[in-house]
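Line by line, the protein sequences are chains V and H. Okay, so the first sequence: first residue is 25 according to this note's numbering, each after it adds one. Okay, so the second sequence: first residue is 857 according to this note's numbering, each after it adds one.
Take the hints with a grain of salt, since some may be wrong.
Straight-line Cα separation of at most 30 Å, DSS-like style, residue types lysine-lysine; simulated pairs [said to hold, decoys possible]: (1) H/K911 <-> V/K41; (2) V/K92 <-> H/K920; (3) H/K1081 <-> H/K900; (4) H/K1081 <-> V/K160.
None of these hints come from the bench; they were simulated from the model.
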Amino acid sequence: MLKIKLPSEIKKIKGLKAGDTILISGSIYTARDQAHKRLAEAIEKGRALPFALRGQVIYYCGPTPRPKGRIIGSCGPTTSSRMDAFTPVLLKAGIAGMIGKGRRAERVLEAIKRHRAAYFLAYAGCGALISGYVTKMELVAFGELGPEAIYRLEVRDLPLIVGIDTNGRSIYG
Amino acid sequence: MASRIITAAKIRDTVERLCIDANLVLRRDVLAALKKAYAAEPNKRARGILFAIIKNAALAKKNKLAICQDTGLVTVFVQLGEDARIRRGLKEAINKGVELGYRRGFLRNSVIKDPLLRGSPHYQPALIHIDMIKGKGLKLTVMPKGFGCENKTRLKMFNPTATIEEIKSFIVSAVKEAGPDACPPYILGVGIGGTADYAVFIAKKALIRNINKPNNQQHISKLEKDLLKEVNRLNIGPMGLGGEATALAVNIESFPTHIAGLPVAVNISCHALRSAAASL
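Based on the provided sequences and hints, a complete structural model is requested.
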């Protein structure tokens, strides 16, 4: 199984095909509905961003609070389609990949192809399982949003399925 | 004859415990259905995903983590005995219990106080449905349902002359529309009859019934069985990546309705169907 280290080996995604299974290690950033809205607004208005988007992978996830003695709470993927309206803007701003669950809109597929990015599926509804792959978590921005804040996660060998490859081909056909 | 008083503290503590139980320990009937689906699934990738789902449930229980990070907007079904004696403050006690349970169980604060203004998330209020029953008791059922699947809810007001095939086709189409997005394999809650709002309510309530237990009316249980077969021919499968396990069960509740109508509601649950109940 192909292993990819993020963000240093992000170029490896170009060789992937929809349906492939991979293991990722390194850093990813959580962002869901409200964080997307804020990031897209900041990009459109030319304001400073809380982290450099170029070459990074975003995880659609709002974890449960961290129990004592653990690195992170339950942290599975949320439904990706709610981010569809903002995704083309974020891709244009340089993000290289997204992790979530479910289908994407046609315009997201086109934007993924245009920017040679990729969309990955994480095991859906398996937040307790996924928490075991996270080795570090730190708040990056929007702490007041609680679970919807942006966190930087370090993961080790997190299994993912390629949902949409860099040629815009989708696993859902 | 003086009946015992059910105190607000007792209600609060019970709800606190039920919130944690429901979120951390997968329902036994659901876990058994997942294991059965895993054993029967011919699709290799689907088997792998079902294996992960079953492992997730075990890890959640062992590590005291939420089965799913979406610990929902809590719905509490209250069955209140007509002769039950409760000191004032039933709703406050329930909401307090939810707050305490969610904090103690490290469950997610996913509730926004204003749907338009949004803002910072909270743990409650819970949605509380109160139903009167005979006796002195009080039964509480806590159901934390995530919004990935809640967003796929469908309601259709059919003509009273609609055929059973039209109704089936609507229910199946709700599953097709949900597709891979709402964490299949699903459990379908279906409500037939009543008013628009009541059909949706009983569709959700159907989900708290043991999924191995068919509806006790024969024509309804037949519909449950037929629909499950039909849905599992869609090849949506776990995560929507194909397979036979598109749904684990179909639970239907029905209610008398008006001569001019036939409301049908579908409230889909993801594979992490969670609820816990206690009688006081």
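Verification of the supplied hints:
1. H/K911 <-> V/K41: holds (27 Å)
2. V/K92 <-> H/K920: Since the Cα atoms of V/K92 and H/K920 sit roughly 11 Å apart, the hinted pair holds (cutoff 30 Å).
3. H/K1081 <-> H/K900: holds (25 Å)
4. H/K1081 <-> V/K160: violated (46 Å)
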